[in-house]
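Listed here are the chains, written in short residue letters.
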Amino acid sequence: MPTSFYPSADDLLRFSPELILSFAGTLLMVLDPFFRHIQGKPAPRIFGHLTIAAFIAAIFGAIAANAVPGSSFSNLLIVDGYATFFRVLVLTIGILAVLISYRYLAKEVAETSEYHALLLFSVAGQCLMVAANDLIMIFIGLEISSIATYILAGYLRNDKRNNEAALKYFLLGSFATGFLLYGVSIVYGITGTTKLDEIRTALSNPGLSLVAVSIAAALIIVGLGFKVSGAPFQMWAPDVYQGAPAPVSVFMATAPKAAAFAVFVRVFMTSFQQIATGWEPLIWISALLSMTIGNFAALTQTNLKRMLAYSSIAHAGYILVALAAKSELGTAAVMFYLAAYALMNIGAFAVVIHIAGKGERHLRIDDLAGLAQKQPLTAALMTVFVLSFIGVPLTGGFFGKFYIFRAAVESDLIWLAVLGLLNSAVAAYYYLRLLVVMYMHEPGEAVQALEPMSAGLDIALVLSAVGTFILGVLPGAVLNFARNSASLGR
Amino acid sequence: MNLLDVLILIPAIGFFIALIIPRAMENAIKMLALIFSLVSFVVSLGLAYGYRTGQSGLQYMTDFVWIQNPEIHYHVGVDGLSLWLIVLSTFLTPIAILISWNYIHNRVKEFFAFLLLLEFGLVGVFSAWDLFLFYVFWEVVLVPMYFLIGIWGHDRRIYAAVKFFLYTMAGSVLMLVAITFLYIHAGTFDYATILAQLQSGKLALSHLQETLLFLAFFIAFAIKVPLFPLHTWLPDAHVEAPSAGSVMLASVMLKMGTYGLVRFCLPMFPTAAHENAPWISILAIIGIVYGAAVAMVQPNMKKLVAYSSVSHLGFVVLGIFSFTQLGLDGAVYIMLAHGISTGALFALVGFLYERRHSLAISDYGGIATVAPWFATMFLITTFASIGLPMLSNFVGEFLVLQGTAQSNFAYTSFAALGVILSACYMLWMYQRVFFGETNEEVKHHVYDFNLREWACVIPLVAVMVWMGIFTQTFLPPVSESNDKILTQIRMSADLKAATHSPVASLKVGANTNAH
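In the order they appear, the protein sequences are chains W and C.
Position one of the first sequence corresponds to residue 1 (our numbering), numbered consecutively onward.
Position one of the second sequence corresponds to residue 1001 (our numbering), numbered consecutively onward.
The set of hints was computed from the structure by calculation and includes no laboratory data.
All residues carry an ideal CB built from backbone N, CA and C; glycine is no exception.
Watch out, some of these pointers could steer you wrong.
What the hints assert, rightly or not - Quick list of the computed label-pair ranges, beta carbon to beta carbon: (1) T1232/C - R161/W: 54 to 62 Å; (2) G1187/C - F35/W: 57 to 65 Å; (3) N1439/C - L299/W: 42 to 50 Å; (4) K1202/C - V466/W: 36 to 44 Å; (5) N75/W - G1187/C: 22 to 30 Å.
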């Protein structure tokens, strides 16, 4: 089957985002000693600028690759609308993550090339994951992404909480990867292939042991469930998100999660689609648990990062509802929701980073007190994100939820939609608390000591808010793209 | 682009301009809000002037695709039911702005911006003809009101604001599921199309489906009305809100619930509405009597007025679920009249609060001697609220009682208790606040209206009198729309009667045509 040892031009183009990112990451580390000082002055920001440039180049690469859709490298990699959507999404998250890191790293005196190189590698892994057409490729992409993220979680190595977060994430993460790999090996044993489309064909053979396939699927659910922090594999998320540096927390809650969901949907909607009635209950149980645990645990949190961590578990639950719908509509809903969620989460975290200050001292919800009086614009933008979290119309969060629950209703999961929406009413309570302290309390110590917004945070905030609004008011373009690419080439 | 689109746009534009103006320019922001709301009001009068009774279908209709897939339309229009509710919203917004003129000191910019956003949402709710669009406006209204209560309210404002938000949200998510369900089965969000499909039997719902859908819509609306026992957010929200918030909340936002019942619940699910009417009517009657009884013992004026709203809105629900022309006309008339009279009451109580900084009835007394005009205007408003003939509420209450009598006389006799009780609590309050000995505090602080306050009070009182005497200004378009809704109900009942027998009872109200 392999026609030539050398990749064709199309192959290279389809692989260009990963190439650009890995190249940029390596280059960054090599150039580190030369760039640290420009004309005798320290110039630490240059790493961030270069990283953003690499991400933008990779976005162009991803879009160019979409012009020549198809599979590459002996069908290991597949570029379709679905892959492109998620590539652009994780790359955009990368840009926003760099933007919200400038000030943070400067304050912690930790502006190194490694941080940015790790971000590039992590996103490269995610780009690979979402375009993989082979379980082994998925595993490799997942590991590239995860290992970089493990290190990022413990990036401030003198900080105890960072170390705890990294260790916890690493131990539990590798355990989960083990489950995934075990599942993959069983699938290979039964079907004799790791290619997603070939597994699909093999599974339609009536002679197969469905029990073993189901076990394999369940193991893969465990592995991926961990990565998306879906209950009952969500235990690590609050501790890790709380302990990791704030820009890394939000990166972890958005990019690797989006990529893991992309894989989740692709594997289960192509390879395992025929046994959907088997895995569907597992998914909705997980969805229900995630929503309920996430929302109810978030009710009592006093730490902003921890609250947002629980809320991210709940949002994973909503997305799992869409997966449980096991339809193309559900797939499109997953895509749309992840984009909307990434924007609002990064926006909200940008405000948290702004408030927290050096050493993340101000992380209590009450530290937001009086923000509206001191910096009305920041508070107004935060309000947009909070309303989007709640799911108030004219924000991306609302349309995301609507599409998810519409997919659920269409697949006759009305009760799940009702429970999910009631859950979002519960969630409104703790999100409203953010608005309450920002608008209805007098400025507290944290807000009094607040410095003006930095340019990087400002740009990230405005971009996220504009994106949230566009997804809420004119979601047509994004949604159509999602709808058209949700068939996954079947 | 027609007059209605302009009307929806004006407050939205005003909102954005208010956001841009620097916050130091407080007077400019206030003037801007006032001008924009007055222009809206004038435009809405143009809407009413150009409205043609006897012309079938929606007027001032605009319909274009907002989002392609799923197809969501910006589809707005006016019929007799929504016409006066829109005018009510635009009429009360400038008054709400005027009564807040000197009362709001901190964060002036946000306050007036939120009032304009609220107006935008309200006009939108009453004119939306796409279910999805309706839901969007329905939720949009929630946000400014949440902030109005939470930021500028009284002591327990945060509790009240959160409770208000969560109650409404919990109800409306169920409605969203129902809307989605309808969309999936009808293939469209367009209300007129869905209705046509339901009536022609093209979209056939099983009995269980219809009941559940009815309940999903009904609960969302009943929370908003609020119907006993879902009313507990109301006293908190009304009491804690700033005067302008209470006015908008009581006068217009409660009507969103009753409007939804008439607009959506009855026409779409006539059988379920009929089957569930008995217990709903009983809850409405409990609300009438309970609201009145609780109002009687309130030491706080705002709370008293708030509970009186529970009672009055009970009448509206009772009228709606009488399924008679008179009952529905009366219900809509009370919606408008209650908007005016309760709005006026909250405004007047707000004026008292600005003077004496207390809402407790016991802190007042003898105002009639120091501020005779105040006492006069308050008395007229009190009479209107009680339902004295020649004033606004009387017409509506009479029609509702008449309509209910046609369908179930027992209901009428219990509901009439509410009318008597309302006279008790309102007059008793009036007596304690305005008559008796004038205490020192009142002497020092309470004075008669100033020019700005006159500008709020005169239009309100004038409309009360107008609505009490010249009912024909308002009723014809309302009855026409109600007649259409009742016809639709009967049509689908006839259709179902072919297969089902129990629904034949629907025809009880069929032969009663009021006008």
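Quick one: are K1202/C and V466/W within 36 to 44 Å, going by C-beta? holds (42 Å)
Just to be sure I understand the hint, the distance between the Cβ atoms of T1232/C and R161/W should be within 54 to 62 Å; is that true here? violated (43 Å)
Please test the hint of 42 to 50 Å on the beta carbon pair from N1439/C and L299/W. Given about 47 Å between the Cβ atoms, the range holds.
N75/W paired with G1187/C, Cβ distance criterion 22 to 30 Å: violated (39 Å)
May I ask you to test the hint 57 to 65 Å on the CB atoms belonging to G1187/C and F35/W? For G1187/C and F35/W the Cβ distance comes to about 59 Å; the hint holds.
In the structure shown, a violation is registered for the earlier hints numbered 1, 5, in ascending order.
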